[in-house]
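Colleague: One letter stands for each residue in the lines below.
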Amino acid sequence: MKNTGKASKVLVFVLLSLLALTTLVPILYMCEVTLLTKEEYMLNMFSLPSSFNLENYHVVLQNFNFVQMVFNSLMISTLTVVLSLFLTSLTAYSVDKLAWKGKKFVMALITVGMFMPGQVLILPVYQILISLNMVNNRLGLVTFYMALSIPFTVMMQRANIHGISNEILESASIDGAGHFRIYWSIVLPLLKPTLATAAILNFITYWNELLYAMILLQNEAYRTVTVSIVSMTNKFGSNPPLLYADLLLSALPVIVIYLVAQKQIIKGVSAGAVK
Amino acid sequence: MKAKHRQQIEGIAYVLPAMLLYSCFVLIPILCVYVYSTMEWDGMGEMTFVGLANFVEIFKSAEFRTALGNNIKFFILGVPLWTIFPMIVAVLLHEEVKGWRFFRSAYFFPTVISTSVLATLFKTFFLYDGPVNRIGALFGLEPFEWFAHGNIAIGLITIAVNWMGFGSAVLIFLSGMANFPPEIYEAAELDGAKWWRMLRSITLPLLRPTLQFVIMLNIMSVFTGMFGFVFMITGGGPGYDTTVLEYLLYTKAFELHDMGYASALSVVLFVIVVLVTLLQRKVTKGNDEVQL
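Here the protein sequences come in this chain order: P and H.
Count the first sequence with this note's numbering and you get residues 5 to 279, in order.
Count the second sequence with this note's numbering and you get residues 65 to 356, in order.
Rather than coming from a laboratory, the hints here were simulated on the basis of the structure.
We treat Cβ as the ideally placed atom computed from N, Cα and C, and that holds for glycine.
Don't take every hint at face value.
What the hints assert, rightly or not - Which chain H residues stay away from chain P? Per the calculated CB distances, all over 12 Å, these:
| id | residue |
| --- | --- |
| 1 | Leu116 |
| 2 | Ala126 |
| 3 | Val143 |
Said to hold, decoys possible - Example chain H residues on the side facing chain P (calculated, C-beta under 8 Å, incomplete):
| id | residue |
| --- | --- |
| 4 | Phe172 |
| 5 | Thr188 |
| 6 | Tyr192 |
| 7 | Val196 |
| 8 | Trp227 |
| 9 | Leu235 |
| 10 | Leu238 |
| 11 | Met323 |
| 12 | Phe334 |
The whole structure should be built from the sequences, with the hints applied where relevant.
Modeller: What follows is the structure in structure tokens.
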């Protein structure tokens, strides 16, 4: 539908630009305020910073276990992503390329999880982790996140493994390669772009996860940055420049990932949309 | 024969680790919720079987009715906004004016940042001495307590959800439109059809399945995607004015330790989600029949 006249093209461009301002300006404003001191902000919250003053970042990084919490978040999200990719790609390979009885049932069970609202699980999961002595344990949260990531990640890998031609796999099989060998040295390398997209999307999801991280890791030493924002807001609600520095630093990893890999992220989300 | 047998064993072995994990932390918990929902339990002590008493208590309680009412308010405000707004944006982006890829990235940008961060930012904008009231003062408006009025707070949360999430609905609409055969537009153009006419007679009808998909996602969000926003922006208040079912579940379970009530509430939420999914299936099926 690219037959609009020149005048209306300009109008569309203007509308879309204005809309882009509504998503970008608040975030840019947040960045700008972090450079103000509390006094400057109180005097005029729309003033430009008098100097390139990184004091607020300094305060955040020096205090509140911020570095420890970044480490917790990084460890939890990264472990979840890596372990989940391994488990789910192996599952998707088995379900799509191997012939065995019962795999339809396994896929049906996995599909159930696609429609499962996550927060419904919180009570029993909390109880199960307590009985396994894994509450207040970062690996406990990783284990649960891995389980939670299975439906989405298996579906995504399966769609792509399905596209790998059987002839390649069969010829490897004739050459004497076992199923695991085929998975490891043929399927996984071919799957690299999908693995990368799934890794990025899952990393963002679990970096940002609030409810489970809050309930399952109540010990302050294990807290994630996303959860820490709750208490930061209470403590520093009256000092927006400091609060915004904390918000920005907490979101920095996903912002960087988005700036670097936006094409892949947009492609991945779009592909997931067309069922 | 031997190879076949081997494949059966290996096939099961490869799904076993994932399925074990998935059973322990997704499938068994679903069953547990049903069992808990028939128990009186504080989460630590003894469980007592009470039958359907928790459900009776839920349907009698004023807070459940308030919370459900708030979900319905979000439904009425949110589902049209979160559906129509991104659809218009997608239709405009589909024109592929200069810089449309940049716009698409800019719209999607907030969706990668956590609800905690953006909802907190959003909240500070609307505080009594925040930027919104300051800008209002420039136009001679009195400062306003935005979150002190239930319905206004619900409206603001609805807008916040749109601000942070419309970019992903735009992507869904765009990928729906990417599958449209270009020949249809070319043929219509040859027939001298105008832009509006093509929008009405080609784009919108072809978008119908995508539209239904987005509507279903938005209905799901109303019942399962509001926790972070309510928790960060209003904490369910003032009073219970912005408390939704999910948030009630959280307070019952982790603040009041009434696990039976909370589990029964989980079951209610689960039933709502299943009903929405079934409805979506039925509507989609109806479509196919129409097309035949």
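Colleague: For a quick check of understanding: which of the numbered hints are violated here, in increasing order?
Modeller: 6 and 7
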